[in-house]
Structure formats: C-alpha cells, structure tokens
Amino acid sequence: MSTLPKGAAAQEWQNTGPTRITVNLAPKAAAALDQAVKLTGDTKTDTINRALQIYAYLERVTQDGGALYTRPADGDELERLHFV
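With the working numbering, the residue at position 39 of the sequence shown is 545, and numbering never jumps.
Keep in mind that the hints are not guaranteed to be accurate.
Now the in silico label distances, taken between C-beta atoms and shown as ranges [said to hold, decoys possible]:
(1) 523 x 580: 40 to 46 Å
(2) 542 x 578: 26 to 32 Å
(3) 583 x 557: 25 to 31 Å
(4) 578 x 546: 18 to 24 Å
(5) 583 x 523: 42 to 48 Å
(6) 564 x 533: 21 to 27 Å
(7) 555 x 530: 17 to 23 Å
(8) 581 x 523: 39 to 45 Å
(9) 549 x 582: 33 to 39 Å
Hint data in this document are derived by calculation from the structure and do not stem from the laboratory.
In this text, a Cβ means the ideal position worked out from N, Cα and C, and glycines have one as well.
Kindly produce the complete structure, drawing on both the sequences and the hints.
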C-alpha cells in the first residue's frame with residue numbers, strides 16, 4: 507500500500523515507477539486507440555501514456571479559465587473545443 511509523503515497533496519505526489527492497470531475500453535475508445543497507434547507508430551502503452559498527459563494538460567488549461575481552439579486544415583476560422 508503506497509502512502510503520500512508527509513505534507514504532500516494527492517495531486518502533487520507522483521509515483522516514480524510504472525503503474526500497471528487494466529482498463530475496459532468502449533468500442534469507440536478502442537477504435538480511437540487503434541487509429542492513434544496507426545497514425546503515430548507508437549505502441550498502445552506509449553499512446554495511452556501520451557493521451558493521459560495531454561488530457562491532464564487540457565483539463566488544467568480549462569479548469570484554470572483558459573480556452574482551447576483548433577483550426578481545421580481546410581479552414582480559416584478557429585473552433586473552440588468543449589469537453590463534456
């Protein structure tokens with residue numbers, strides 16, 4: 507059983523070793539994982555690790571009051587991203 511270092515908040519503490527988990531992906535999530543693996547050439551593990559880091563960053567930006575925008579390759583206008 508791991509415990510937090512004295513005085514550390516849960517979100518500040520980071521495990522320094524690998525963490526093994528089992529996850530049940532919905533069909534759409536499994537398809538998205540397969541697509542991301544094909545696009546990047548990364549392993550499923552590396553793809554999931556990167557996706558979680560990106561998701562945490564995007565959540566932090568929005569929770570801190572920021573906004574996220576994307577521009578389609580064939581478009582000129584920015585589109586605001588919303589996570590639900």
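Right, here's what the structure says about each hint:
1. 523 x 580: 40 to 46 Å: holds, 44 Å
2. 542 x 578: 26 to 32 Å: violated, 19 Å
3. 583 x 557: 25 to 31 Å: holds, 27 Å
4. 578 x 546: 18 to 24 Å: With a Cβ separation near 20 Å, residue 578 and residue 546 satisfy 18 to 24 Å, so the hint holds.
5. 583 x 523: 42 to 48 Å: holds, 45 Å
6. 564 x 533: 21 to 27 Å: With Cβ atoms ~23 Å apart, the hint holds.
7. 555 x 530: 17 to 23 Å: About 18 Å separates the Cβ atoms of residue 555 and residue 530, which means 17 to 23 Å holds.
8. 581 x 523: 39 to 45 Å: holds, 44 Å
9. 549 x 582: 33 to 39 Å: holds, 36 Å
Violation of the numbered hints given earlier is confined to hint 2; every other hint is satisfied by the structure.
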